[in-house]
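Peer 1: The hints should help you fit chain B onto chain A, whose structure is shown.
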Amino acid sequence: GAGVSQSPSNKVTEKGKDVELRCDPISGHTALYWYRQSLGQGLEFLIYFQGNSAPDKSGLPSDRFSAERTGGSVSTLTIQRTQQEDSAVYLCASSSRLAGLETQYFGPGTRLLVL
Amino acid sequence: GENVEQHPSTLSVQEGDSAVIKCTYSDSASNYFPWYKQELGKRPQLIIDIRSNVGEKKDQRIAVTLNKTAKHFSLHITETQPEDSAVYFCAASSNDYKLSFGAGTTVTVRA
Chain A
75 GAGVSQSPSN KVTEKGKDVE LRCDPISGHT ALYWYRQSLG QGLEFLIYFQ
125 GNSAPDKSGL PSDRFSAERT GGSVSTLTIQ RTQQEDSAVY LCASSSRLAG
175 LETQYFGPGT RLLVL
Chain B
8 GENVEQHPST LSVQEGDSAV IKCTYSDSAS NYFPWYKQEL GKRPQLIIDI
58 RSNVGEKKDQ RIAVTLNKTA KHFSLHITET QPEDSAVYFC AASSNDYKLS
108 FGAGTTVTVR A
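Note that the protein sequences, when read in sequence, are chains A and B. Start counting the first sequence at 75; every next residue gets the next number (the numbering used here). Start counting the second sequence at 8; every next residue gets the next number (the numbering used here).
Here chain A stands alone, though its shape is the one from the complex (with noise of 0.2 Å):
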């Protein structure tokens, strides 16, 4: 079946703007994840999703960021106020609980750059 989606694939900003950044998780997957890989590191966490809520926010490094999810489904990374450090490739993944919720699948990724 499908894998996880993400748009757009790049995107690139003027500092001060705003941006959303789309995901839309394996069909049936009730978890979804969002990360930001940063040039040459690692996967950070932002958040996490059960449903439509977001039982783990501790991950967001500021107010400017927030994320929403809908009908259990696809999900929604706002960053507000966009500010050059915002530039990374930010992930989702989404995983089930008939996989193990550890096991994560990853979407492609969308690339921000933020002039």
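Residues on chain A that point at chain B, a partial pick, calculated with CB under 7 Å: (1) Gly116; (2) Leu117; (3) Tyr122; (4) Phe180; (5) Pro182.
20 Å max Cα-Cα, derived SDA-like pairs, lysine to any residue: (6) Lys105/B / Gly125/A; (7) Lys49/B / Arg185/A; (8) Lys105/B / Tyr39/B; (9) Lys75/B / Lys105/B.
Quick caveat, the hints were computed from the structure, so don't treat them as lab data. Glycine included, each C-beta is placed from N, C-alpha and C at the ideal position.
Peer 2: Frame of chain A, contents of chain B only:
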């Protein structure tokens, strides 16, 4: 929270030789340890994982070992091939959802 350290950061091996990557973790409650492979410009893909109730797991040329007492786990790739060239990430989880990742190891297999 959990802290995962990964070594080495880069690894160059001759085709056919073995590659070993080591990770340590800080939270003794961690019970799930996956390894992901990320090729340039691609998404991370799970290649193998191990849970705390076993000490070793193998899948063809790939194996992972876990030492809970020492809080470290390792990835072993035997008979390396050019297509094994990628960045490898280890991770650990002490609950049923949050993965803490190492910084990654760039593996280059020389033909």
